Amino acid sequence: MSGLMISAASTKIPIGAWPKAVTSVLLVLFLNACGVNQVVVEGKFPTPLMTALPLTIGVWYPDEFRGHEFTGMAKNPRESSWIVKTGEAQIQMWDVLLGGMFQRFEQMRAAPQPDVLNQAVDAVLIPHVAELQYAIPTQTHVKVYEIWMRYRFELVTVEGEPIAEWTMTAYGKTPSAFLQSDTKAVNLAAVMALRDAGANFVTGFTRVPELNNWLNGKQRRAQGVRP
Amino acid sequence: MTTHQANICFLRVILALGLITLLTACVTATVEEMVFNEPTEGIGEASVVILGRRHASDYDTEPEFVQCVADHIASRDEAIKVIGELEFINALYPWFEPRTAPLHPRDIERLLKQQPVAQKMLEFKIEYMIWIDGSTERTSSAGSMACGIGPGGAGCFGFGTWGDEANYEATIWDFTDRAEVGRISANASGQSYMPAIIVPIPIIAPVHGTACDGIGDQLLEFLSSNY
Chain A
0 MSGLMISAAS
10 TKIPIGAWPK
20 AVTSVLLVLF
30 LNACGVNQVV
40 VEGKFPTPLM
50 TALPLTIGVW
60 YPDEFRGHEF
70 TGMAKNPRES
80 SWIVKTGEAQ
90 IQMWDVLLGG
100 MFQRFEQMRA
110 APQPDVLNQA
120 VDAVLIPHVA
130 ELQYAIPTQT
140 HVKVYEIWMR
150 YRFELVTVEG
160 EPIAEWTMTA
170 YGKTPSAFLQ
180 SDTKAVNLAA
190 VMALRDAGAN
200 FVTGFTRVPE
210 LNNWLNGKQR
220 RAQGVRP
Chain B
0 MTTHQANICF
10 LRVILALGLI
20 TLLTACVTAT
30 VEEMVFNEPT
40 EGIGEASVVI
50 LGRRHASDYD
60 TEPEFVQCVA
70 DHIASRDEAI
80 KVIGELEFIN
90 ALYPWFEPRT
100 APLHPRDIER
110 LLKQQPVAQK
120 MLEFKIEYMI
130 WIDGSTERTS
140 SAGSMACGIG
150 PGGAGCFGFG
160 TWGDEANYEA
170 TIWDFTDRAE
180 VGRISANASG
190 QSYMPAIIVP
200 IPIIAPVHGT
210 ACDGIGDQLL
220 EFLSSNY
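Just so you know, the protein sequences line up as chains A and B, in that order.
Residue numbering for the first sequence follows numbering that gives the first Met the number 0, starting at 0 and increasing by one per position.
Residue numbering for the second sequence follows numbering that gives the first Met the number 0, starting at 0 and increasing by one per position.
Just chain A, with the same shape it has in the complex (with noise of 0.2 Å):
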């Protein structure tokens, strides 16, 4: 199978003017090999359908969750480099989906720790983005782009006692489309993944043994019952 090829022949240009088309040439060439495709990961996140777990829950967004980006190089002259930049749509994300998925939720005012001045909460939430990979049609042949991430979390007691740390992935897809730019359905995929992190997170988070325990014991104490 041979590909289907559209090739652009030279402008008939002035003999005086070769050395500056020449250098425009090699300058957009060498543009094109260098290129970066930037994208601000952009969406609208809708609040979970549930029945709301009878808990306040913190959260607090380390530096690095906040101001997430991955970066990917490019392998070849053919392929561009890819800034992606997560942050700010992981936050809209998280905050839409725990204020639907829990009775009370509380951004905290400062990282938990012991001798901290923090809102009274059940228990404080940390995300993290512990891997990010990404893949788009020219390198995988295939004709979706991907974006894979593994997330870790941490739930601590307002003065930042471990209760349980378990990890958790998130995988987004969509398809080309004709006309559709590689930086939109980028930014389609990573939305997907998003999507896909809050999904996995509601209907995981009671089948975590550790967080199991723990909402069995607030439960019985809740009711009275002694351990």
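Wrong hints could be hidden among the right ones.
Here are a few chain A residues that sit away from chain B, every Cβ distance over 10 Å (derived from the structure) [said to hold, decoys possible]:
| # | residue |
| --- | --- |
| 1 | E41 |
| 2 | K84 |
| 3 | G86 |
| 4 | G98 |
| 5 | T156 |
| 6 | P161 |
| 7 | W213 |
Each pair of labels, with its calculated beta carbon distance range [as the list claims (entries may be wrong)]:
| # | chain 1 | residue 1 | chain 2 | residue 2 | range |
| --- | --- | --- | --- | --- | --- |
| 8 | A | T166 | B | T39 | 45 to 55 Å |
| 9 | A | P76 | B | R177 | 50 to 60 Å |
| 10 | A | G66 | B | E40 | 53 to 63 Å |
| 11 | B | R177 | A | A73 | 44 to 54 Å |
| 12 | B | T29 | A | Q102 | 53 to 63 Å |
| 13 | B | P150 | A | R149 | 53 to 63 Å |
| 14 | A | Q37 | B | A117 | 39 to 49 Å |
| 15 | B | E40 | A | E87 | 44 to 54 Å |
Please keep in mind that the hints were generated in silico from the structure rather than gathered at the bench.
All figures in this text were calculated on a predicted structure; none of them were measured in a lab.
We put the beta carbon where it would ideally sit given N, CA and C, even for glycine.
Position chain B against the provided structure of chain A, taking the given hints into account.
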């Protein structure tokens, strides 16, 4: 050039453009249907939702195709209320994401155990849930084209051809009986051509549209009392 000559010239250009847009290549399509329990009086006040399956690793059912089928049904029978895919999955987030979407009709029962989900479904008055799975793939491409620009004008010369194949399957779930009541599959393939003698003339095979019309017509026969 007089005004009369200019008008004739303009008309020729319009005619040529019109002729070009009328040129379409042939498409071979097969539509197969297997349905049970067709509603004899249509679906009345109830509504239908059409959703795309997106859990395969190497393709995604295109949202545009799902929208095309929905538009096809809604435009030919205004009595049928078709809920938009994005509106539905946002309203029921996170229960219809690729990770969490029900794969069997009996999974709906599990979803409806959650009071907010059951309430939302009641508000939507869903009678049928239709899942579309498939994609349109480029099967082959060949040819080459060269374009040039000079002081005397610009033009292209060459020939390109490519083949597309669409394979889709629609599965109909009866929401009230929690049962699968039909499957419709549409396969379409066609070869597109683009000869270029000064101006490229695209002769496109409407593979995507033919598959959409095929599935849309069969769904109309199932859902509508007028067909």
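Right, here's what the structure says about each hint:
no.	hint	in the structure
1	E41	holds (16 Å)
2	K84	holds (23 Å)
3	G86	holds (22 Å)
4	G98	holds (13 Å)
5	T156	holds (28 Å)
6	P161	holds (27 Å)
7	W213	holds (22 Å)
8	T166/A - T39/B: 45 to 55 Å	holds (53 Å)
9	P76/A - R177/B: 50 to 60 Å	holds (56 Å)
10	G66/A - E40/B: 53 to 63 Å	holds (59 Å)
11	R177/B - A73/A: 44 to 54 Å	holds (51 Å)
12	T29/B - Q102/A: 53 to 63 Å	holds (54 Å)
13	P150/B - R149/A: 53 to 63 Å	holds (58 Å)
14	Q37/A - A117/B: 39 to 49 Å	holds (44 Å)
15	E40/B - E87/A: 44 to 54 Å	holds (51 Å)
No hint from the list above goes unmet by this structure.
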